[in-house]
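Construct the entire structure; sequences and hints are all you get.
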Amino acid sequence: DVARSNLRDRSLASPVAGKVERRFYEPGEVAASGAPVLSIFQPDRVKAVFFVPEPKRAATALGDRLSVSCDGCPPGLSARITRLASDPQYTPPILYSRDERDRLVFRAEAVIDEGSGLLPGQPLSLSP
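FYI, the numbering for the sequence shown is 566 to 693, going by my numbering.
You may find that some hints are simply not true.
[Unchecked claim] Here are the simulated DMTMM-like cross-link-like pairs (lysine to aspartate or glutamate), alpha carbons at most 25 Å apart as the crow flies:
#, residue 1, residue 2
1, 621, 667
2, 621, 678
3, 584, 636
In case anyone wonders, no lab produced these hints; they're calculated from the structure. Note that this is a predicted model, so its numbers are computed, not measured.
Quick look at the structure:
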């Protein structure tokens, strides 16, 4: 029982299916309990991070569908907005003033439909 417990304590298991994208520790190195050891890329959970300009925020809602396009992408890709910040932020550097309101944006995320084949960091164009 002690041997099984020791083996279980030294085994890694991912809670999700995917491809190893990055290794934070080499075999034989000791990681702190609970520390991430690998970064897993889930091709079915690709998301786009984008910013909604303040004048368009009122017309943008969670669940809205967006068209996705990029160089080399298959046609007809779409995404659904899954996160939309309630607090605005400025694109730095900026001083708060009424004249600078056009630079106010809201961070948002949209999950790309499964099977897109998109990769992390790939530039995209999103439109309603």
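Status of the hints after comparison with the structure:
1. Proposed proximity of residue 621 and residue 667 is supported: the alpha carbons are some 10 Å apart, at most 25 Å.
2. For the proposed pair residue 621 and residue 678, the alpha carbon gap of about 23 Å is at most 25 Å, so the pair holds.
3. Distance check on the hinted pair: residue 584 and residue 636 sit about 23 Å apart at the alpha-carbon level, within 25 Å; holds.
Every hint, counting from the list given before, is met by this structure.
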